[in-house]
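Generate the whole structure from the sequences, applying the supplied hints.
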Amino acid sequence: MKNYSILFLFLLYACTNQSKTSKTTVPADSLHIQKNKWIERSYLIGKQFYKVYTPAWEGANGAIGDAYLFKATNDSSLLRRYLYQYDLKQMNNGTWVDDRAWICLAELYWWEFSGRKQMQWVEDAKVRYLDARKEGRLSSHEGFWSWYNYPPNANINEQIITNSNMNQLVAVACKLFEATGDRRFLEDALTVWNGNGKIPGIEKTFYRGNGIWQGKGGLAAFGKQLPWESASYLSVLAALYHATHDVKYKTIAIASAKHILNTKTKWIDSIDCYQIHMDGNGAFVHFLLDAYEIAPNELSEIPGIVEKMLEHVWTNNHGKATVTLHRELDHAIRNGWNPNGGEDGYGVDEIGTVHAQSQALRAFGVFAYFKTLSQSR
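In this text, residue positions in the sequence shown follow the numbering used here: the first is 26, and each later residue adds one.
It is worth saying that the hints were derived from the structure and are not from the lab. Positions of the beta carbon are idealized from the N, C-alpha and C atoms, including for glycine. One should not assume that every hint holds.
[What the hints assert, rightly or not] The calculated label-pair distances, taken between Cβ atoms and stated as ranges, are:
#1 Lys-345 - Pro-80: 19 to 25 Å
#2 Lys-241 - Val-152: 39 to 45 Å
#3 Pro-80 - Thr-288: 36 to 42 Å
#4 Ile-301 - Arg-105: 28 to 34 Å
#5 Gly-248 - Thr-269: 28 to 34 Å
#6 Ser-399 - Gly-248: 34 to 40 Å
#7 Lys-223 - Pro-176: 18 to 24 Å
[To be verified] Mimicking DSSO-like on lysine-lysine, the simulated pairs with C-alpha atoms at most 30 Å apart in a straight line are:
#8 Lys-151 - Lys-223
#9 Lys-151 - Lys-291
#10 Lys-223 - Lys-241
#11 Lys-275 - Lys-241
#12 Lys-114 - Lys-142
#13 Lys-229 - Lys-275
This is the structure we're talking about:
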């Protein structure tokens, strides 16, 4: 009997010790092998992103994807990456005003998702925002309030009028208001969206009701006033709704999302749901999920649509794509997701570059969070 007791104790010790050893030998980057394949895919995409990373707006888009991935996994190595290796405060503002908007959003997402303790990110976003304002980029010089890529008197000969991109700074203003309590930011956001009584804002200028927006035409990346069929306003509307709790913004977001996703508009593919004509797919995915987050009942179809879209990319249109969407060797992703090419966006043919890979990481990282959230319910 005594020998059996000794044997039992020995086996118990061995199993306990083996458990401890196993825990210490698991590499940190394997923390992602958890509840769903989207987390793992996001990490694989991230490896290529880190190889091509640049400290500008493209890097900021990838950082947004990683922020959501951190929210899904609580992987501290991701947090350390943006605190030290890729210090968000060192990012370059770039030329166009939406460049710094993506950077500010990356900082504010990371501040929120990491426990609202890293106030240096809020302060840096605040400085970037206020500098843009001092430069005169918040203006009504074209007859409506908006953020503009350049100040009114800038001598720039560029056909860059992507209004819904530039006004991502409205979302930044809302998040800064929530982070600081400073109503100046909220007042800016409301002025740009609603006008000031004398001069209209972007809603009256571009919104036609029933989810339909109308702006100047042109190529999707250069000249077109409302790229992504105005989908980027979904994130702006979500931010306004969070900041004000005014149901108007939620109502417009629901109608706009439903219009964009209606296959009769021929904006997305009727089977695999990818954007037919445009690039910037990672941001597009995020815009849709921002709308879903404030209206999960009314927009319950969005996660399923996004999942079809991303599965289409990962599988190269189920093996039928005539252009490479997902390069399996290094998990580089193409910037445009039409399986036959032919989009009119910006750099759609790029595969695995910082622009393309950052958009991919944003798409897969944001979706991985929402997928994890749904599985935990």
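Outcome of range test on Cβ distance (Lys-345, Pro-80; 19 to 25 Å): About 38 Å separates the Cβ atoms of Lys-345 and Pro-80, which means 19 to 25 Å is violated.
Ile-301 versus Arg-105 beta-carbon gap, inside 28 to 34 Å or not: violated, 39 Å
Distance restraint hint 36 to 42 Å, applied to the beta-carbon atoms of Pro-80 and Thr-288: At 39 Å between Cβs, range holds.
Given hint Lys-291 paired with Lys-151 - CA-CA distance at most 30 Å: Since the Cα atoms of Lys-151 and Lys-291 sit roughly 39 Å apart, the hinted pair is violated (cutoff 30 Å).
Restraint status (C-alpha distance of Lys-151 to Lys-223 at most 30 Å): Holds, at about 28 Å.
Pair hint outcome, Lys-114 versus Lys-142 [Cα-Cα no greater than 30 Å]: holds, 15 Å
Hinted pair Lys-223 and Lys-241, Cα distance within 30 Å: holds, 23 Å
Cβ distance range 34 to 40 Å for Ser-399 and Gly-248, holds or violated: holds, 38 Å
Satisfaction of hint between Lys-241 and Lys-275, Cα-Cα up to 30 Å: holds, 25 Å
Status of the given 39 to 45 Å range, CB of Val-152 versus CB of Lys-241: violated, 32 Å
30 Å Cα cutoff - pair Lys-229, Lys-275: holds, 16 Å
28 to 34 Å as the expected CB spacing between Thr-269 and Gly-248, which holds or is violated: Roughly 32 Å apart at Cβ, these two residues keep to the hinted range, so it holds.
In summary, the numbered hints that this structure violates are 1, 2, 4 and 9.
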